[in-house]
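Top to bottom, those sequences are chains A and B.
Residue 66 in numbering that gives the first Met the number 0 sits at position 67 of the first sequence, with consecutive numbering throughout.
Residue 101 in numbering that gives the first Met the number 0 sits at position 102 of the second sequence, with consecutive numbering throughout.
Everything labelled a hint here was simulated from the structure, so no lab data went into it.
Yeah, the Cβ is synthetic: ideal placement off N, Cα and C, and Gly gets one too.
Take the hints with a grain of salt, since some may be wrong.
To be verified - Beta-carbon label-pair distances, calculated as ranges: (1) A:25 x B:135: 45 to 53 Å; (2) B:135 x A:74: 47 to 55 Å; (3) A:40 x B:148: 48 to 56 Å.
To be verified - Subject to a maximum C-alpha distance of 27 Å in a straight line, what follows is the list of computed DSSO-like cross-link-like pairs (lysine-lysine): (4) A:50 x B:168; (5) B:48 x A:15; (6) B:137 x B:55; (7) B:168 x B:153; (8) A:54 x A:27; (9) A:152 x A:169; (10) B:107 x B:162; (11) A:15 x A:44; (12) A:27 x B:137; (13) B:48 x A:37; (14) B:107 x A:54; (15) B:60 x A:75; (16) B:162 x B:137; (17) A:15 x B:153; (18) A:15 x A:54; (19) B:48 x A:54; (20) B:112 x B:153; (21) B:161 x A:50; (22) B:137 x A:15; (23) B:161 x A:15; (24) A:152 x A:138.
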Amino acid sequence: MVSKKSYELNEEMLNKIISVAYGDATLKDEFIVLRAAKQNPEISKALNSYKQTAKEVNVLREEEYSDDLLRNVVRKNFPALKNATSFLFDFYSMVFSRPIISALTTIILIITIVTTLIINKPVQYNYKYSETEIINADKQARQALAIVGRFFKQTQSTLENEIMGERVAKPINEGIGIVNNILEGETK
Amino acid sequence: MFAEQRYRFLIQQYKNKIYTYSLYMLKNRMDADDVTQEVMIRIWQNIDKFNILAAKTWIIKTTNNLCIDFLRRRTVAVKRELEIDEFFEDTYSKNHDSENPYLITHFKMIASKVKEAIQRMPENLRSVFVLYEIEEMKYKEISMALDLPINSVKVYLLRARKKLQEELKEYGQQEIV
Numbered sequence: 000m001v002s003k004k005s006y007e008l009n010e011e012m013l014n015k016i017i018s019v020a021y022g023d024a025t026l027k028d029e030f031i032v033l034r035a036a037k038q039n040p041e042i043s044k045a046l047n048s049y050k051q052t053a054k055e056v057n058v059l060r061e062e063e064y065s066d067d068l069l070r071n072v073v074r075k076n077f078p079a080l081k082n083a084t085s086f087l088f089d090f091y092s093m094v095f096s097r098p099i100i101s102a103l104t105t106i107i108l109i110i111t112i113v114t115t116l117i118i119n120k121p122v123q124y125n126y127k128y129s130e131t132e133i134i135n136a137d138k139q140a141r142q143a144l145a146i147v148g149r150f151f152k153q154t155q156s157t158l159e160n161e162i163m164g165e166r167v168a169k170p171i172n173e174g175i176g177i178v179n180n181i182l183e184g185e186t187k
Numbered sequence: 000m001f002a003e004q005r006y007r008f009l010i011q012q013y014k015n016k017i018y019t020y021s022l023y024m025l026k027n028r029m030d031a032d033d034v035t036q037e038v039m040i041r042i043w044q045n046i047d048k049f050n051i052l053a054a055k056t057w058i059i060k061t062t063n064n065l066c067i068d069f070l071r072r073r074t075v076a077v078k079r080e081l082e083i084d085e086f087f088e089d090t091y092s093k094n095h096d097s098e099n100p101y102l103i104t105h106f107k108m109i110a111s112k113v114k115e116a117i118q119r120m121p122e123n124l125r126s127v128f129v130l131y132e133i134e135e136m137k138y139k140e141i142s143m144a145l146d147l148p149i150n151s152v153k154v155y156l157l158r159a160r161k162k163l164q165e166e167l168k169e170y171g172q173q174e175i176v
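Only chain B is shown next, with the shape it has when bound in the complex (with noise of 0.2 Å):
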């Protein structure tokens, strides 16, 4: 009986944890709904396998394998890569209260422009910034999730925050111009 508000509990806590980081890594709608759906199906299979308040870990590495098999398993022929606004929401423009449309297309234009730029940087720094910046998890939480040594996932994350300064250069000069 206690399996089940095991089980409910942590899919309500993880779910968009979960979507998030499917969707950040595999750059496609569909692609990530099977990986969620994948991962609550794993969290059922080993439900009393782990403690419930360090699942948060044992979660997101599991998301992480089953993102990198996808990535492994895809092929350019079954590529179905979308514009990333097509697969998004627009979850930056919800957090704005601004009525004014010109500041509600700005944001979401930023928005866009930053999470395509997230979409572009190498896998190994994305999952580290997504899981940081997006995901608010802790140096030693992403260590255990990612299997890497502390010390390499805060140069990632370095790393990844100047590639984004990069790729958010470019679109700034455009819109002074």
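Okay, chain A solo, but in the shape it has when bound (with noise of 0.2 Å):
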């Protein structure tokens, strides 16, 4: 339950109105001036006061320092910046006043950054394997490499015995005997 007390216009409740009126308190705070808002007039009657000036302060803005005497300024403080080139002033002011562009390349690049690890990361095996299965797999390595070397001789014999004696030195031989039998009926 609360206590009548708490609806009484004292310095804390005045100091939270202030706040509600200048729209910086916190959620707690707001709900008990409103709820003592409306329980006492003249909590009410000196929040929407608060809350007339703060609206009044709320529309001042910074005054405007004029380009000129700004120009004044750095004719006569800075005569070299006069010249000075504008498209890095550009890109400083476009990333840096703006503070969505800032926020958007900074996503950007930590979306780019994350994904380029996510894909590049090495794969990594944890599985260890057994005694038996290294035994197994020597085993297994040496005898299809067992399998291939018998291939390859295989492939050397044929090539020796079949393919260079039938297939290449014997029209080779038949071929030379021919130029010679040719060769000797012209000298005849």
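Two chains, two frames, some hints: make the complex.
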């Protein structure tokens, strides 16, 4: 139950009223003040009064320092700055003066880095092989290599005995014999 | 080469903040011009010494120190205090689209009274109030710029708001009459 005392316009309540009026109070304080304002017309009046002032203050803006004055200051104190190129300045202004662009650039960079890391992540095998599996794998590798070796030996003997003798040496001999016969016929 | 770009960026970004703060603190357009110019020179002299992203605090701190120096040096004889309406632009009325002359005049009068009331605040309350309400700085930034604990910043702001309310109360009563 809320005590009657909490609806009194004391110093603590006034501080809360001011914060609520200027829009920087916590939700709890806002609730307390709005509730108290319903119960106590004095609090309601103070709240409205401070809200009105806050509204008037919130419309005040920064005073404008004219570009003419700025140009005079620059001309007088920094003559070299007059001809400064504006590309980098524009870039600086674009990136730093607009938080949304800075935020977007940061987000895009982070997404790119994270994606690259995920795609290029090296594959890691954590499986541990047992002694028997290693011996078996070794045995299988030897067998596979032996089979391959046998194929090579067979190919070599086939090349030497059948292909080189029958298909290469024999036609060459026959060709040379024919050439000899022709040459002998010419000399006669 | 980068120093020039940094400088141009900082000036464009903070010239109005420097000028507004000086104007509220010194209550004089010519002095505010002088302080703004001096801050610009100091920014150029220190352009390589501070981080561009943390420059705001440094700039406001420098502006505040220069304003304090100006206020100390100012003597009664050379006091050039003008009526507030003479040196503040009509920044309030510019923010309203209304073409109703009565409303425009009304808004101008209120803005003028609020600005006058801010000017009548004690120096310590005024600086915190202007930085928080008009320059929209955070408690932490104000604390760093003015070398004050955050709690003091909060207390000063609360007192400044109360003071402003008191000052405007009289004007409100006059308007009702």
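Status of the hints after comparison with the structure:
no.: 1; hint: A:25 x B:135: 45 to 53 Å; verdict: violated (20 Å)
no.: 2; hint: B:135 x A:74: 47 to 55 Å; verdict: violated (31 Å)
no.: 3; hint: A:40 x B:148: 48 to 56 Å; verdict: violated (37 Å)
no.: 4; hint: A:50 x B:168; verdict: holds (13 Å)
no.: 5; hint: B:48 x A:15; verdict: violated (42 Å)
no.: 6; hint: B:137 x B:55; verdict: holds (11 Å)
no.: 7; hint: B:168 x B:153; verdict: holds (23 Å)
no.: 8; hint: A:54 x A:27; verdict: holds (22 Å)
no.: 9; hint: A:152 x A:169; verdict: holds (23 Å)
no.: 10; hint: B:107 x B:162; verdict: holds (21 Å)
no.: 11; hint: A:15 x A:44; verdict: holds (14 Å)
no.: 12; hint: A:27 x B:137; verdict: holds (21 Å)
no.: 13; hint: B:48 x A:37; verdict: violated (55 Å)
no.: 14; hint: B:107 x A:54; verdict: holds (14 Å)
no.: 15; hint: B:60 x A:75; verdict: holds (24 Å)
no.: 16; hint: B:162 x B:137; verdict: holds (21 Å)
no.: 17; hint: A:15 x B:153; verdict: holds (13 Å)
no.: 18; hint: A:15 x A:54; verdict: holds (17 Å)
no.: 19; hint: B:48 x A:54; verdict: violated (40 Å)
no.: 20; hint: B:112 x B:153; verdict: holds (24 Å)
no.: 21; hint: B:161 x A:50; verdict: holds (12 Å)
no.: 22; hint: B:137 x A:15; verdict: holds (19 Å)
no.: 23; hint: B:161 x A:15; verdict: holds (12 Å)
no.: 24; hint: A:152 x A:138; verdict: holds (21 Å)
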